[in-house]
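K.L.:
Each chain is listed here by its residues.
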Amino acid sequence: MSDESALLREPWSNFGRQREAGKFGIWVFLASETLFFGALMLTYTVCRVEHPEAFAVAGRETNIWYGTINTAVLLTSSLTMAIAAQAAEESAPLRRLVLACLMLTAMLGLAFIVIKGFEYKEDIDKQLVPGAGFALSQPGAQLFYGFYWLVTGVHAIHLSIGIALVSRLFWVLLRRQLPAKDNPEIEVTALYWHLVDIVWIFLYPLIYLPGRAS
Amino acid sequence: MTDALLAGELPLPPRPDYLRHGSTISSWLATTDHKRIAILYAITITFFFFLGGAAITAVRLELFQPNGWLLTSDTYNKLFSFHGIIMVWFFLVPSIPNTFGNFLLPLMIGAPDVAFPRLNLFSWYLTVAAGAFTVYALVAGGVDTGWTFYTPYSSMFSNTHVFAAAAGVFVVGFASIATGVNFIATTHMLRAPGMTWFRLPLFVWAIYATSLIMVLATPVLAISLLLVIAERVLGLPIFDPARGGDPILFQHLFWFYSHPAVYIMVLPAMGVVSEIIPCFARRRIFGYDFMVYAMLAIAGVGFFVWGHHMFVSGQSALASLVFSFLSFIIAVPSAIKVFNWTASLYRGQISFESPMLYALGFVGLFTTGGLSGLFLASIPVDIHVTDTYFVVAHFHYIMVGGSVSAFFAGLHFWWPKVTGKLYPESWAKFAAILMYAGFNMTFLPQFFAGYLGMPRRYHTYPAEFQIYNVMSSAGAAVLAIAYLLPLGYLTWSLFYGGNAAKNPWGATGLEWTTGSPPPPKNFDRQPRVDRGPYDYHAEGMSAGTDPPEMQNARETR
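Same order as they appear, the protein sequences are chains U and B.
Heads up, this note's numbering is the position in the first sequence plus 3, with the first residue counted as 1.
Number 430 in this note's numbering belongs to position 438 of the second sequence; there are no gaps in the numbering.
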């Protein structure tokens, strides 16, 4: 009960209701995010329908190893995040598990960004940045890489925000400024984290698989 | 005998209202009280309103003469672009939702605050930051793309400050999303006991429907502007035809937001008018359920009509046909609302106080704007009048005649509640009539000029259109006075106006059952609701915060 009173915020008088509102609010926000990435994927689809061959050629230039390893890293981070969220709701005291999983999640997110950095480096070396001196000759190939840089950049910004949120949560719980048990912020952060992962699950086939199936 | 004594309780000690609860600068700038945030928004959008108004004043002065006597083409382009950007994103979109919505939504549903008060404050700071970007774009030399940022001009050719202006709109979009999320969660989670969905005042429904559009449409605007910024700054070729890109794609993304955005601007106005007309006709609103479904239908169908902005863009004939059909369909719920407001007046005891004058002005101007919209939904007529002053007149009838009239209606209706002060009623009536007259003088001639072929966005024009432009500019001067008048007498009322009672209009609704101005947490006791809205005449009283037998006791004494 003391946990709940420490977590209660204005304007709520009932902790259960506050939790529910937090979850509901983040779901509404995630709907908005879906439209955000949806519009980008629509842009990709339109361009790909207009230039199928160029997209296949450009897709083959991506480094599927970086992409696949990163997918594995991000999916694992979703697992640790889910464990943290579940552990916080158990009746048995699992505070150390929550903290460990939050730290792992942030580290895996950071690992994704680092691997992505190596991939960006390689792309720049291969002159895959649209503009003068672009490596591929097909006009649509520049579109593919326009989309590639923009969407992976926007995704990386989302992921960085996620890492900041998870790290902050870890720090606050570690310092015992807030109780871990039933803390609604854990689940809200987890929902956001999972969305960033799901977006990547859509981006992986859009970026790395064109031109590789045939 | 006070209500508390009637209920057998000791009277509560007098407490400072939300305005006098703290007077330091930080008690305002760090507040999480939805009422104070509403005031912050009101100050911000008033500033932007007069900024956008100043830009268009120069444009209207220029158009007195057909030969471009005052401004260069460049300056002219920058002024109307700035006017559009400021008025759409920094006045109209936040106007009613972020001021009255913020102030009234928790009061109307009997809640102490919005669901996420800190997010609410954050949203205001985002708006201010975004406004700073946009004002910087003006100060640094302006932007000349029009408010629509059409590619490839905006992405490849314009050498003005597109980046700063687009970044401003991008950021204000996130303020809009945050507000939308907050209002949706508040409506779902914080309604008082007994406040069922179909007992909600129509203003709450309007804000709810608006928030749905804000949350689902604004991210697409963010993407379309992000793509323009990416092309300008990073050289990504999304809209560059030379590198395989598609400039028309921008129009699809942009109007996917910007057509629903029309409903972001007009649905809250409909909500305001739906509160005012029953109050001054002393009648229950006609067809409450239909009003709710009509608003939700407008919000839903509004997402599928964007192509009517693109009849001349080269989209397929089939697409044009479908978009034309859907645009006619969306007129149906709008017409239902006009019929229901009119029917609510039937056999009412109508009194013409200033809020009612503004509200009736809204109905007339909205109807004119809506009917001229049907001309534009019809493909052959639209091709004739595309990019003419006919379109300019049409959307100003909806956005200025409709939304701004309703904004002033709400401002006068809830002014006593917000400030606790009474304004001089005869001045207010005079301003309302002047605004209606000035508006029609300004924009009616533009229908004629446009139909005769005068294109928009040019600062010189053939001499035969001068008569319409002189009429329009003269009307704009009247309109400007009508907008300045409330600034004067409402400010005067803050210092010298009489104190307002709890419920000066005898209106229903929970916001009238608490003090004027309300206390910091809105209600001294948790309100309970036991009847629907607009219950004029049933028991003769509003839904109260106390049990029915007690309300009856008060009414009979």
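Just so you know, these hints were derived from the structure itself, not from any lab.
These figures come from a predicted structure and were not determined experimentally.
Wrong hints could be hidden among the right ones.
[Said to hold, decoys possible] In the SDA-like style, the derived pairs of lysine to any residue whose C-alpha atoms are separated by at most 20 Å in a straight line are:
#: 1; chain 1: B; residue 1: K513; chain 2: U; residue 2: K184
#: 2; chain 1: B; residue 1: K494; chain 2: B; residue 2: L414
#: 3; chain 1: U; residue 1: K184; chain 2: U; residue 2: A9
#: 4; chain 1: B; residue 1: K413; chain 2: B; residue 2: H13
#: 5; chain 1: B; residue 1: K513; chain 2: U; residue 2: K129
#: 6; chain 1: U; residue 1: K129; chain 2: U; residue 2: L97
#: 7; chain 1: U; residue 1: K26; chain 2: B; residue 2: L111
#: 8; chain 1: U; residue 1: K124; chain 2: U; residue 2: G156
#: 9; chain 1: B; residue 1: K494; chain 2: B; residue 2: R520
#: 10; chain 1: B; residue 1: K513; chain 2: U; residue 2: L11
#: 11; chain 1: U; residue 1: K26; chain 2: B; residue 2: H180
#: 12; chain 1: B; residue 1: K513; chain 2: U; residue 2: N17
#: 13; chain 1: B; residue 1: K494; chain 2: B; residue 2: R517
#: 14; chain 1: U; residue 1: K26; chain 2: U; residue 2: E53
#: 15; chain 1: U; residue 1: K26; chain 2: U; residue 2: W152
#: 16; chain 1: B; residue 1: K513; chain 2: U; residue 2: Q21
#: 17; chain 1: U; residue 1: K129; chain 2: U; residue 2: M110
#: 18; chain 1: U; residue 1: K26; chain 2: B; residue 2: R110
#: 19; chain 1: B; residue 1: K513; chain 2: U; residue 2: G156
#: 20; chain 1: U; residue 1: K26; chain 2: B; residue 2: R274
#: 21; chain 1: B; residue 1: K494; chain 2: B; residue 2: M463
#: 22; chain 1: B; residue 1: K513; chain 2: B; residue 2: R183
#: 23; chain 1: B; residue 1: K513; chain 2: B; residue 2: V225
#: 24; chain 1: U; residue 1: K26; chain 2: B; residue 2: M181
#: 25; chain 1: B; residue 1: K513; chain 2: U; residue 2: R20
#: 26; chain 1: B; residue 1: K421; chain 2: B; residue 2: K513
[What the hints assert, rightly or not] Computed list of chain B residues with no C-beta within reach of chain U, every gap over 12 Å:
#: 27; residue: G44
#: 28; residue: G236
#: 29; residue: A335
#: 30; residue: I375
#: 31; residue: H376
#: 32; residue: F422
#: 33; residue: R448
#: 34; residue: Q518
Each residue gets a CB set at the ideal place from its N, CA and C atoms; glycine is no exception.
K.L.:
Compare the structure with each hint and give your call.
P.N.:
Each hint, compared with the structure:
1. Distance check on the hinted pair: K513/B and K184/U sit about 29 Å apart at the alpha-carbon level, beyond 20 Å; violated.
2. Restraint check for K494/B and L414/B: the C-alpha separation of about 12 Å stays at or below 20 Å, so the hint holds.
3. For the hint linking K184/U to A9/U, the alpha-carbon distance of about 11 Å falls within 20 Å, and the restraint holds.
4. With a CA separation close to 17 Å, the supplied pair K413/B and H13/B stays within the 20 Å bound.
5. Distance restraint check for K513/B and K129/U: the Cα-Cα separation of roughly 61 Å exceeds the 20 Å cut-off, and the hinted pair is therefore not satisfied.
6. The suggested pairing of K129/U with L97/U is violated, with an alpha-carbon distance near 48 Å, which exceeds 20 Å.
7. Restraint check for K26/U and L111/B: satisfied, since their Cα atoms lie roughly 15 Å apart, inside the 20 Å limit.
8. Under the criterion of a C-alpha separation no larger than 20 Å, the hint pairing K124/U with G156/U is consistent with the structure, at around 14 Å.
9. Proximity of K494/B to R520/B is assessed by CA-CA distance (about 18 Å); at most 20 Å being required, the pair is judged to hold.
10. Among the hinted pairs, K513/B with L11/U is consistent with the structure: their alpha-carbon atoms are about 16 Å apart, no more than 20 Å.
11. For a cut-off of 20 Å, the pair hint linking K26/U to H180/B stands: about 12 Å separates their Cα positions.
12. For the hint pairing K513/B with N17/U, the CA-to-CA distance comes to about 16 Å; that is within 20 Å, so the pair holds.
13. With a C-alpha separation of about 15 Å, the suggested pairing of K494/B with R517/B holds against the 20 Å cut-off.
14. Among the hinted pairs, K26/U with E53/U is inconsistent with the structure: their alpha-carbon atoms are about 40 Å apart, more than 20 Å.
15. Taking the CA atoms of K26/U and W152/U, the gap is near 32 Å; set against the 20 Å cutoff, the hint is violated.
16. Only pairs whose Cα atoms come within 20 Å are accepted, and K513/B paired with Q21/U is accepted, the gap being roughly 17 Å.
17. Distance check on the hinted pair: K129/U and M110/U sit about 29 Å apart at the alpha-carbon level, beyond 20 Å; violated.
18. Taken as a hint, the K26/U and R110/B pair is honoured in the structure, with Cα atoms around 16 Å apart against an allowance of 20 Å.
19. Pair hint K513/B plus G156/U does not hold up; C-alpha atoms about 43 Å apart against a cutoff of 20 Å.
20. The hinted pair formed by K26/U and R274/B fails the criterion: a straight-line CA distance of about 41 Å is larger than 20 Å.
21. Straight-line distance between C-alpha atoms of K494/B and M463/B comes to about 44 Å, which puts the hinted pair past the 20 Å bound.
22. A C-alpha spacing of about 15 Å is found between K513/B and R183/B, which places the hinted pair at or below 20 Å, so the restraint holds.
23. Distance check on the hinted pair: K513/B and V225/B sit about 47 Å apart at the alpha-carbon level, beyond 20 Å; violated.
24. Taking the CA atoms of K26/U and M181/B, the gap is about 11 Å. The hint holds against a cut of 20 Å.
25. Restraint check for K513/B and R20/U: the C-alpha separation of about 18 Å stays at or below 20 Å, so the hint holds.
26. Restraint check for K421/B and K513/B: the C-alpha separation of about 33 Å exceeds 20 Å, so the hint is violated.
27. Against chain U, the non-interface label of G44/B holds: every CB pair exceeds 12 Å, the least being about 27 Å.
28. Not every C-beta of chain U lies more than 12 Å from that of G236/B, the closest at about 4 Å, which undercuts listing it as non-interface.
29. With a minimum CB-CB distance of about 35 Å to chain U, A335/B clears the 12 Å threshold, and the non-interface call stands.
30. With a cut of 12 Å on Cβ distances, I375/B stays outside the contact zone with chain U, its closest approach being about 25 Å.
31. The beta carbon of H376/B is kept farther than 12 Å from every beta carbon of chain U, the shortest such distance being approximately 30 Å.
32. At roughly 41 Å from the closest C-beta of chain U, the C-beta of F422/B stays outside 12 Å, upholding its exclusion from the interface.
33. Residue-level check passed: R448/B sits 28 Å from the nearest beta carbon of chain U, beyond 12 Å.
34. Remark: the non-interface label on Q518/B conflicts with the geometry, its nearest Cβ contact in chain U lying 9 Å away (cut-off 12 Å).
The structure fails hints 1, 5, 6, 14, 15, 17, 19, 20, 21, 23, 26, 28 and 34 (numbered hints given earlier, in ascending order).
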